[in-house]
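Student: Each protein sequence line maps, in turn, to chains A and B.
Under full-length UniProt numbering, the first residue of the first sequence is numbered 1, with each subsequent residue one higher.
Under full-length UniProt numbering, the first residue of the second sequence is numbered 1, with each subsequent residue one higher.
Keep in mind the hints are simulated off the structure, nothing from the lab.
A portion of the hints provided could be inaccurate.
Claimed, not checked - Restricting the straight-line Cα-Cα distance to at most 30 Å, the calculated cross-link-like pairs of lysine-lysine (BS3-like) are:
1. B:Lys93 to A:Lys176
2. A:Lys76 to B:Lys62
3. B:Lys35 to A:Lys125
4. B:Lys43 to A:Lys125
5. A:Lys119 to B:Lys78
6. B:Lys96 to A:Lys12
7. A:Lys56 to B:Lys93
8. B:Lys156 to A:Lys76
9. A:Lys30 to A:Lys56
10. A:Lys133 to B:Lys110
11. B:Lys35 to A:Lys12
12. B:Lys78 to A:Lys112
13. B:Lys214 to A:Lys56
14. A:Lys176 to B:Lys157
15. B:Lys78 to A:Lys56
16. A:Lys133 to B:Lys62
17. A:Lys219 to A:Lys125
18. B:Lys157 to A:Lys56
19. B:Lys78 to A:Lys113
20. B:Lys331 to A:Lys12
21. B:Lys62 to A:Lys12
22. B:Lys35 to B:Lys149
23. A:Lys133 to B:Lys93
24. A:Lys125 to B:Lys93
25. B:Lys96 to A:Lys133
26. A:Lys133 to B:Lys157
27. B:Lys259 to A:Lys76
28. A:Lys12 to B:Lys78
29. A:Lys133 to B:Lys43
30. B:Lys78 to A:Lys257
31. A:Lys133 to B:Lys214
32. A:Lys133 to B:Lys78
33. A:Lys125 to B:Lys110
34. A:Lys133 to B:Lys35
35. A:Lys76 to B:Lys93
36. A:Lys125 to B:Lys78
37. A:Lys119 to B:Lys110
38. A:Lys76 to B:Lys110
Quick caveat, the model's predicted, so the values are computed rather than measured.
Here is what each chain is made of, one letter per residue.
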Amino acid sequence: MAANFWTSSHYKQLLDPEQVDVVNPIDKEKGLTPEEFKLIKIHMTNHIWRVAQQVKVRQRVIATAVTYFRRVYTRKSMTEYDPRLVAPTCLYLASKAEESTVQARLLVFYIKKMCPDEKYRFEIKDILEMEMKLLEALDYYLVVFHPYRALLQLLQDANMTDLTHISWGLVNDTYKTDLILIYPPHMIALACIYIASVLKDKETTAWFEELRVDMNVVKNISMEILNFYESRIEAFKGIPEAYKSMTEEKINAALNKLAMK
Amino acid sequence: MAMMASSSSQQQQQNLQSLNPNRGGGGGEEDKGEKIVADRYLKRELLGEGTYGVVFKALDTKTGQTVAIKKIRLGKHKEGVNFTALREIKLLKELKDPNIIELIDAFPHKGNLHLVFEFMETDLEAVIRDRNILLSPADIKSYMQMTLKGLAVCHKKWVLHRDMKPNNLLISADGQLKLGDFGLARIFGSPDRKFTHQVFARWYRAPELLFGSKQYGPGVDVWAAGCIFAELLLRRPFLQGSSDIDQLGKIFAAFGTPKPSQWADMVYLPDYVEYQHVPAPSLRSLFTASDDALDLLSRMFTYDPKARISAQQALEHRYFSSQPLPTIPEKLPRPHRKGDSLNHYPSDFVSQDAPLVLSPSRKMRRVTPHHGAFEGNAHEKAGHARDSRHVGESTGPSGNILMSIDFEALHGSRPPPRPTLNSADRSHLKRKLDLDPDFGYSH
Numbered sequence: 001m002a003a004n005f006w007t008s009s010h011y012k013q014l015l016d017p018e019q020v021d022v023v024n025p026i027d028k029e030k031g032l033t034p035e036e037f038k039l040i041k042i043h044m045t046n047h048i049w050r051v052a053q054q055v056k057v058r059q060r061v062i063a064t065a066v067t068y069f070r071r072v073y074t075r076k077s078m079t080e081y082d083p084r085l086v087a088p089t090c091l092y093l094a095s096k097a098e099e100s101t102v103q104a105r106l107l108v109f110y111i112k113k114m115c116p117d118e119k120y121r122f123e124i125k126d127i128l129e130m131e132m133k134l135l136e137a138l139d140y141y142l143v144v145f146h147p148y149r150a151l152l153q154l155l156q157d158a159n160m161t162d163l164t165h166i167s168w169g170l171v172n173d174t175y176k177t178d179l180i181l182i183y184p185p186h187m188i189a190l191a192c193i194y195i196a197s198v199l200k201d202k203e204t205t206a207w208f209e210e211l212r213v214d215m216n217v218v219k220n221i222s223m224e225i226l227n228f229y230e231s232r233i234e235a236f237k238g239i240p241e242a243y244k245s246m247t248e249e250k251i252n253a254a255l256n257k258l259a260m261k
Numbered sequence: 001m002a003m004m005a006s007s008s009s010q011q012q013q014q015n016l017q018s019l020n021p022n023r024g025g026g027g028g029e030e031d032k033g034e035k036i037v038a039d040r041y042l043k044r045e046l047l048g049e050g051t052y053g054v055v056f057k058a059l060d061t062k063t064g065q066t067v068a069i070k071k072i073r074l075g076k077h078k079e080g081v082n083f084t085a086l087r088e089i090k091l092l093k094e095l096k097d098p099n100i101i102e103l104i105d106a107f108p109h110k111g112n113l114h115l116v117f118e119f120m121e122t123d124l125e126a127v128i129r130d131r132n133i134l135l136s137p138a139d140i141k142s143y144m145q146m147t148l149k150g151l152a153v154c155h156k157k158w159v160l161h162r163d164m165k166p167n168n169l170l171i172s173a174d175g176q177l178k179l180g181d182f183g184l185a186r187i188f189g190s191p192d193r194k195f196t197h198q199v200f201a202r203w204y205r206a207p208e209l210l211f212g213s214k215q216y217g218p219g220v221d222v223w224a225a226g227c228i229f230a231e232l233l234l235r236r237p238f239l240q241g242s243s244d245i246d247q248l249g250k251i252f253a254a255f256g257t258p259k260p261s262q263w264a265d266m267v268y269l270p271d272y273v274e275y276q277h278v279p280a281p282s283l284r285s286l287f288t289a290s291d292d293a294l295d296l297l298s299r300m301f302t303y304d305p306k307a308r309i310s311a312q313q314a315l316e317h318r319y320f321s322s323q324p325l326p327t328i329p330e331k332l333p334r335p336h337r338k339g340d341s342l343n344h345y346p347s348d349f350v351s352q353d354a355p356l357v358l359s360p361s362r363k364m365r366r367v368t369p370h371h372g373a374f375e376g377n378a379h380e381k382a383g384h385a386r387d388s389r390h391v392g393e394s395t396g397p398s399g400n401i402l403m404s405i406d407f408e409a410l411h412g413s414r415p416p417p418r419p420t421l422n423s424a425d426r427s428h429l430k431r432k433l434d435l436d437p438d439f440g441y442s443h
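Put together the whole structure using the sequences plus the hints.
Tutor: Next up, the structure:
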């Protein structure tokens, strides 16, 4: 995987951490805070995930869709590109790009079934129209690499396949952050292995040393992931219902600022 | 906007019916006067109809370069951007190389997606078919080197082309050969993914595909490149099968029926059937070429895909470093260009009764064409000066150059292929084959 990643458009498009969490000026003018920006992205990642579970696509397709989604908002405003439409369209485009097409009408059907909120419902024509705009926003770069395959290979190599379940889950959660836009996928995989091994009290120092990767990068990524969990736990305060209704309120307030549709 | 998308697709249907280069693809009320598209491209004449839409010649006012613009037809069943087009965009954005067609730009215009490619003057099929062109061994070497270079780049980036044939090897004004048409290409990274074996024009299909393999690799492109190499030497398609079964027969007649010792995995392929054993004629009896050329050719035609030479290894083969060295691209012979021959379809001036041999086109892929015959509509790509002519088996002025393999000619009568062996027969035969590796020769 490494051989082709380094020559890929994905590698060339990696961004600095400071570049990804910048609120677009248009959205900023409407009063969108960096916190709200982050929250909407997490919320929409979950939305993509839930829709994807209905139409049954591979993990890879979901991961690609989320990557497209996050990439779009490093370039475009949420005011002009309604995240509630961009999210399913990203899933639609990713399913085509990953060679397991999902019909637009199926997406439309399931979203209508899932979402009582009118503002999440769109027609086929909206998705197809947005598909063209997305292609442009992505500058027609569609190939994306993910940590999953590297993860399995590395776990095998480290003789730690018993960590597969937990580290796979960690990789899934990294898509609730912008890490995939910043770091090479195999480094994200390593960070997830690192966290998993610490959680499970596995001694991995020797193995990591042999890999000769920049451990500072691995630790930075790990910190990001832990920060993400921490921020959720804080908001959560141990009461799932409270967390849910609170974030919903927050997200609706944030989206209302943008006054779309 | 969506209204516009559907109405413009209707309008396009009308345009397609009135394809006429003189009208410049007009017909819609909006297409008036000087046509600068996307503030950048000056639209010229219609070049033809591609796999998924019409192709125009245009001038890129930003660079002064001549380009070809493909207008992507919208999917029929409200499925947005055409899947094949999307594949091509996805892969070409990752592949930038002198021997791969460049996707210069893409833009939406009036609800349709447009792809801008560098304009290519002709293709290898036109070169091979042009009897006014003499291809020297150095010229052939040059074309093969460029083909393999493009292929090696694809494979290095884990892309299978899957539609290698002379007519997809495009040639630019400065003589560079570039791989084109990535509409069937795909990434082969995921080891567990199954692919369709219905790829390539039949004559260029590797034996593992013909046996129904779904987990194939870059070897399929190398086999096809071998067929192109052979075609450059013979000046006609090498293995012209009329069905998948017949294609395998042609392959085995040329290289001998593979033995399990040559290709152990063969018997496990989904559509594997036993063929009667025939010995391989010597390559020298089939081709007039140097020892190095024949050695490379035999490595590209190795049966076992795992043992077949890779594109990169082929480039390092001594054939490319031995004399004569490859001709530099600018000096390669170019097909004769007749002023407006661009818009001619060969059927316009080919008499009805003479067979015309061209590679089977994509549209013919799943039908069974007459052996060696060709009917009318196989032209997907106009816009390449194509000097079509009759190359029937007896009429070809090929002199001492041998024609493509013909079982009848080599063996008197053709053994019937045996596609319906039952499993008991098969295991019986296998057991016999295990005991006697040369089983079959004495029959």
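Student: Hints first: check each against the structure and report whether it holds.
Tutor: Each hint tested on the structure:
1. B:Lys93 to A:Lys176: 27 Å, holds
2. A:Lys76 to B:Lys62: OK: lysine 76 (chain A) and lysine 62 (chain B) at ~26 Å, within 30 Å.
3. B:Lys35 to A:Lys125: With a Cα-Cα distance of about 28 Å, the restraint between lysine 35 (chain B) and lysine 125 (chain A) holds, given a limit of 30 Å.
4. B:Lys43 to A:Lys125: OK: lysine 43 (chain B) and lysine 125 (chain A) at ~29 Å, within 30 Å.
5. A:Lys119 to B:Lys78: 22 Å, holds
6. B:Lys96 to A:Lys12: 13 Å, holds
7. A:Lys56 to B:Lys93: 28 Å, holds
8. B:Lys156 to A:Lys76: 33 Å, violated
9. A:Lys30 to A:Lys56: Roughly 37 Å separates the two Cα atoms, so the pair is violated.
10. A:Lys133 to B:Lys110: Holds: lysine 133 (chain A) and lysine 110 (chain B) sit about 13 Å apart, inside 30 Å.
11. B:Lys35 to A:Lys12: 35 Å, violated
12. B:Lys78 to A:Lys112: 18 Å, holds
13. B:Lys214 to A:Lys56: 23 Å, holds
14. A:Lys176 to B:Lys157: 29 Å, holds
15. B:Lys78 to A:Lys56: 21 Å, holds
16. A:Lys133 to B:Lys62: 23 Å, holds
17. A:Lys219 to A:Lys125: This hinted pair is violated, its Cα atoms lying about 45 Å apart.
18. B:Lys157 to A:Lys56: 29 Å, holds
19. B:Lys78 to A:Lys113: OK: lysine 78 (chain B) and lysine 113 (chain A) at ~21 Å, within 30 Å.
20. B:Lys331 to A:Lys12: 36 Å, violated
21. B:Lys62 to A:Lys12: 25 Å, holds
22. B:Lys35 to B:Lys149: 37 Å, violated
23. A:Lys133 to B:Lys93: The hint holds at about 17 Å.
24. A:Lys125 to B:Lys93: The given pair, whose Cα atoms are some 27 Å apart, holds under the 30 Å limit.
25. B:Lys96 to A:Lys133: 24 Å, holds
26. A:Lys133 to B:Lys157: 27 Å, holds
27. B:Lys259 to A:Lys76: 60 Å, violated
28. A:Lys12 to B:Lys78: Judged against 30 Å, a Cα distance of about 34 Å means the pair is violated.
29. A:Lys133 to B:Lys43: 23 Å, holds
30. B:Lys78 to A:Lys257: 33 Å, violated
31. A:Lys133 to B:Lys214: Violated - the C-alpha atoms of lysine 214 (chain B) and lysine 133 (chain A) are around 35 Å apart, more than 30 Å.
32. A:Lys133 to B:Lys78: Answer holds: lysine 133 (chain A) to lysine 78 (chain B) is near 16 Å, not above 30 Å.
33. A:Lys125 to B:Lys110: 15 Å, holds
34. A:Lys133 to B:Lys35: 23 Å, holds
35. A:Lys76 to B:Lys93: Cα-Cα ~21 Å, so holds.
36. A:Lys125 to B:Lys78: Roughly 8 Å between the alpha carbons, so the hint for lysine 125 (chain A) and lysine 78 (chain B) holds.
37. A:Lys119 to B:Lys110: Given pair lysine 119 (chain A), lysine 110 (chain B) holds - Cα atoms ~27 Å apart, limit 30 Å.
38. A:Lys76 to B:Lys110: With a Cα-Cα distance of about 22 Å, the restraint between lysine 76 (chain A) and lysine 110 (chain B) holds, given a limit of 30 Å.
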